[in-house]
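J.: Those protein sequences? They're chains A, B, C and D, same order as listed. The first sequence begins at 298 in our numbering and counts up by one. The second sequence begins at 298 in our numbering and counts up by one. The third sequence begins at 298 in our numbering and counts up by one. The fourth sequence begins at 298 in our numbering and counts up by one.
Among these hints, one or two may not hold up.
Identical chains blur together in the list; that is why a pair holds if it fits in one copy or across any two.
[Unchecked claim] Derived SDA-like pairs: lysine to any residue, alpha-carbon spacing no greater than 25 Å straight-line: (1) Lys545 with Asp562; (2) Lys530 with Leu549; (3) Lys340 with Asn325; (4) Lys440 with Leu572; (5) Lys608 with Gly363; (6) Lys394 with Val580; (7) Lys324 with Leu584; (8) Lys628 with Ala382.
Hints were generated in silico from the structure; no laboratory data involved. All of these numbers come straight from a predicted model, not from anything done at the bench.
Protein chains: 4
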Amino acid sequence: MEKVRVGLIGAGRIGRLHAEHLAYRLKNVELVSVSDVYLEGAKRCAEEFGIGKYFKDYREVIGDEGIDAVVICSSTDTHAEIIEAAARAGKHIFCEKPIALDVERIDSALRAVDDAGVKLQIGFNRRFDPNFRRIKSLIESGKIGDPHILRITSRDPEPPPIEYVKVSGGIFLDMTIHDFDMARYLFGEVEEIFATGEVLVDSRIGESGDIDTALVFLKFKNGAIGSIDNSRKAVYGYDQRVEVFGSKGAALASNNLYDNVSLIDEAGNHSAKPLHFFMDRYVESYLNEMQEFINAIMGDFPVPVTGTDGKIPVLMGLAAKKSLSEKRPVKLEL
Amino acid sequence: MEKVRVGLIGAGRIGRLHAEHLAYRLKNVELVSVSDVYLEGAKRCAEEFGIGKYFKDYREVIGDEGIDAVVICSSTDTHAEIIEAAARAGKHIFCEKPIALDVERIDSALRAVDDAGVKLQIGFNRRFDPNFRRIKSLIESGKIGDPHILRITSRDPEPPPIEYVKVSGGIFLDMTIHDFDMARYLFGEVEEIFATGEVLVDSRIGESGDIDTALVFLKFKNGAIGSIDNSRKAVYGYDQRVEVFGSKGAALASNNLYDNVSLIDEAGNHSAKPLHFFMDRYVESYLNEMQEFINAIMGDFPVPVTGTDGKIPVLMGLAAKKSLSEKRPVKLEL
Amino acid sequence: MEKVRVGLIGAGRIGRLHAEHLAYRLKNVELVSVSDVYLEGAKRCAEEFGIGKYFKDYREVIGDEGIDAVVICSSTDTHAEIIEAAARAGKHIFCEKPIALDVERIDSALRAVDDAGVKLQIGFNRRFDPNFRRIKSLIESGKIGDPHILRITSRDPEPPPIEYVKVSGGIFLDMTIHDFDMARYLFGEVEEIFATGEVLVDSRIGESGDIDTALVFLKFKNGAIGSIDNSRKAVYGYDQRVEVFGSKGAALASNNLYDNVSLIDEAGNHSAKPLHFFMDRYVESYLNEMQEFINAIMGDFPVPVTGTDGKIPVLMGLAAKKSLSEKRPVKLEL
Amino acid sequence: MEKVRVGLIGAGRIGRLHAEHLAYRLKNVELVSVSDVYLEGAKRCAEEFGIGKYFKDYREVIGDEGIDAVVICSSTDTHAEIIEAAARAGKHIFCEKPIALDVERIDSALRAVDDAGVKLQIGFNRRFDPNFRRIKSLIESGKIGDPHILRITSRDPEPPPIEYVKVSGGIFLDMTIHDFDMARYLFGEVEEIFATGEVLVDSRIGESGDIDTALVFLKFKNGAIGSIDNSRKAVYGYDQRVEVFGSKGAALASNNLYDNVSLIDEAGNHSAKPLHFFMDRYVESYLNEMQEFINAIMGDFPVPVTGTDGKIPVLMGLAAKKSLSEKRPVKLEL
């Protein structure tokens, strides 16, 4: 295979990000087509990134014998259906998280992938961030020794629109799901979750049945313990930090800042805030994850984030929801 | 009153620290006498710091009409008894934490203090640390807005002797108690506690019925949430950090390091570790707390850390123990 | 004008960098052709970045009526000649620094540009780096007050090949020239230079008549003073720092690092090194400078780095050479 | 010798600092007497620190057979005379810098010390600062390899009173002298100095014939080069940084701050300023230098800062003055 020919499904914010990367910044790939339920969006995306074909219906992307793989960036409720269709058509699949909010739906999609023997990679991009990769490699090389404590801070610069909150599945399935994936990536499987949360940012979030500030406790199978804290609104920007502590040391990933300049004056020392927008913060991780997907197809390697990796964080989110509502720790059934 | 005349009870490690401060580094105070159940220790302390009298029996310190106040640094199981005796003798009292591990014993000691109308200050020295004071003042000045999330990391450089662990009352009453006090100091009263913990550092600690690694969740009366993580052994030194997050911003206190030098070479950038020994780390807080005690007596001000401030963290520690053993969140009854 | 059509002259390392940016990452531009004296290089560049035409002779690029502007990345000794030819052909010009090592040659090239009325921008990319731009904006907004002291540290990760050193014009015209431009950008014109230097890195550099370690003193017209330190070899990476100090405060730009992770263990705290390769370090500045060049053409704005900005740092480099050889401060004649 | 009995000469700001240390914080020493030309000052100092005797005339300190050593903190113009008198009386001598502003006067004082065979330590306290000691030990252990570049930043928080400036000997002998000592301490002897300077802080300093902003270039005997920048007024506090760069790496000492707290809000990240007052900044170095002086007497070791170490920085200051006035580099004659 000389290059991987890709069709993109969904030309929204994240779809356009992947379109730019696939069109210009990644190797061994050709972006052949794009679809969006909003045809005009597909057309504009095609024009901007020089994509040859655009469609309204994702089935036209999948039906194209000229493509090897699809990148699914449509709305969450369509993921499982498209995965199944793409698998049946023999296409390799990159799908944004989550696969679905419902475990049975996930299972049936994963079965379709298994049956077809195609590759499926889930878009947990943070695993590909240079900071978190470095943390992972420090753990793997034994530099922190046996893992004891994990601490993840993950705070958004501002809440999503209230309409989105209502269909998001709740903070644990929408936002903490990334942290659940990070926890597994770094420390392995979790066996128990205790979740607490409050509505401190916006009362409308509470009225919609969700929370906006959360603290989640994790007990890992390897004996380590961990906590995740989330807020829907950190006024100072996108706060993404991880700390791992073990028998031989600790490793900390601090935030990526706008610049490395500090001003010192009579009032003190002033330096830059974290990058505000997730696409700026994680641009390298988006590039890396997609390149590895392409490489996995080219070289017939296993993908770095599997369907199971897509499913377990959903189970963790559901357990967290249960813990919050029942006010008790909940065992995870894997 | 020209100066406060003080008797010291207990000439162990922490007693000698206070002796040096009272003898040489604090204002408006005279260290008159010292006692220790180990008479030779009292004698050596007296010689080193130029203290006029030394005794084996603390009652000789308290019985001295020439003193205004006592500083109690004897073993925990003697605190309540000595507080009561000192109160009856009309002496102001500075007592190292905890007052007792038993709530009734604390209550009777506090009653004695109330009845006598003397001042009682408890040695929660960390409130007087410049870093944590700065955090407190940022909260009070409204710089972080409404408090949302508190994170305390408190890890010792190495576990105490196993014999000490056995009589310590357990990690929550011995070590986390400082963090409970810090939590109250910064965010106010707690209404619910959930505690988890493991034995990851030393199996003998587990055999003695205690844990060495802990994660404690706090729900505050003001709606905020918080977590404390503890380890009995951080190989890199004494790790003492606090982060407060609110509607307008966040404040973080990082560790005090040995020096401000970094070496950069082919292998990376290398800088100093946190101060290892608690007496080095908290020397300013020990000086500050005692000066404020002296000032409170001189000026007849309220003391900055009251008997109730000494009692509530014990209640929190007991609630944490209960939570750990019953595997559920526990309401705090104040 | 809908978009600017550009021809690239020189497909070496820096030419290929601009090719990628012009082809994929910049707006309102089309990269039409590329030339290189080594035809195979031009061809490979054309293939990699989808450029329609490639040539051996730069005159074929310039002779193309279909282009609006040229980007000159050929060897230094060809810059002036190509500038003149492009100007005569009515093309706007972006030229890598330096214009020439000889002042008369620079003057004749600038006259050709003036006569033709085309735009000429010189590739002092560091002005477009987010860190240094932030420093500049802090100065302009008055945050540091009156400028008093400037300190620039600029150290390469390793020396260029000795063959390159021999034709480079010497450290002041090859390497310090960027710092001279930065000094002017931040603090304005210089009136006196004192330069010292040693051969400490590689004796072959000394044998070729150059130095590899330098310290240059600057006296600015506004009364401020400054120093630049250079080394051809910083084993820890590409060290690019600037500090400005004034009556109201100071601002410091520290290095861009590989990641934001620190590992702390018994041996200390370990964090990342500066980015090693100048193309990684300055990728944003290269993007920014070229976008501004394109924008200046599109909107008929003045370019941000003029021909005079290209000439003065050469004068400064020549003054530094004279100072070093005569061991005395040298006035700058502007 | 069981302890060293010390007489203090001069009870001004720095004298009182040493008095407190000698009285309370140092080992193996007894502070026996104090003198000050202002008798009331000597008396108050004696009372505050429990010193047995106080005098107006330093000769009464020196004439006391009960003392082993003197600590000279009187005004600079009296140093040489008192050193000579103390040496003749067979007392060991600690003398604040500088010995004198005149080389012949220094030489005669050093001869008196040599003739008497007593110890003389000069108060270049910064050598004993933990940061700079760490830098020194990194150099000595070979961690930075061969020394190439030294950079010292030394800026005061505010200028001294103009009356003091007039008798100070000028910035190079009053302020830069500490940096000259630091340069020698870290990189060894200097062979050439080039100094520039301006009046940018206070025009009255210029009217008194001095400058307030300086940049000094150093060429070391070992081939390394270095620069020192000074300002009489850094609005953000006492700025004391050192950087050493060599063939294997670099080491940087950054400032000591008021606390380790950062506040991050919508406006950015805000952290503490450097300690403002030199006595706060250098308290440990003052303690360390005096303890080493006491230890040198007790154990009959060489002192860590000799009379020659006191003389050479004066020669460097005089060379810098000459360079500034003659606008050329000046060789140092050692």
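J.: With identical chains treated as interchangeable, where does the CA-CA distance between Lys340 and Asn325 reach 25 Å or less: within a copy, between copies, both, or neither?
T.: both (24 Å within a copy, 19 Å between copies)
J.: First find the shortest C-alpha distance between Lys545 and Asp562 inside one copy, then the shortest across copies, and answer within, between, both or neither for a cut-off of 25 Å.
T.: between (39 Å within a copy, 6 Å between copies)
J.: Can you give me the call for Lys608 and Gly363, within, between, both or neither, at a CA distance of at most 25 Å?
T.: neither (30 Å within a copy, 54 Å between copies)
J.: Given a CA cutoff of 25 Å, do Lys530 and Leu549 count as a within-copy pair, a between-copy pair, both, or neither?
T.: Both, since 22 Å and 17 Å are each at most 25 Å.
J.: Up to 25 Å between alpha-carbons, please classify Lys628 paired with Ala382: within, between, both or neither.
T.: neither (34 Å within a copy, 51 Å between copies)
J.: Can you give me the call for Lys440 and Leu572, within, between, both or neither, at a CA distance of at most 25 Å?
T.: Only across copies: Lys440 and Leu572 sit 21 Å apart there, 29 Å inside one copy, limit 25 Å.
J.: For the identical chains here, do Lys394 and Val580 meet the 25 Å Cα criterion within one copy, between copies, both, or neither?
T.: For Lys394 and Val580, the Cα distance is within 25 Å only inside one copy (17 Å; across copies 31 Å).
J.: Within, between, both or neither: how does the pair Lys324, Leu584 come out at a Cα-Cα threshold of 25 Å?
T.: both (10 Å within a copy, 20 Å between copies)
In summary, the structure is inconsistent with hints 5 and 8 from the numbered list given earlier, while agreeing with the others.
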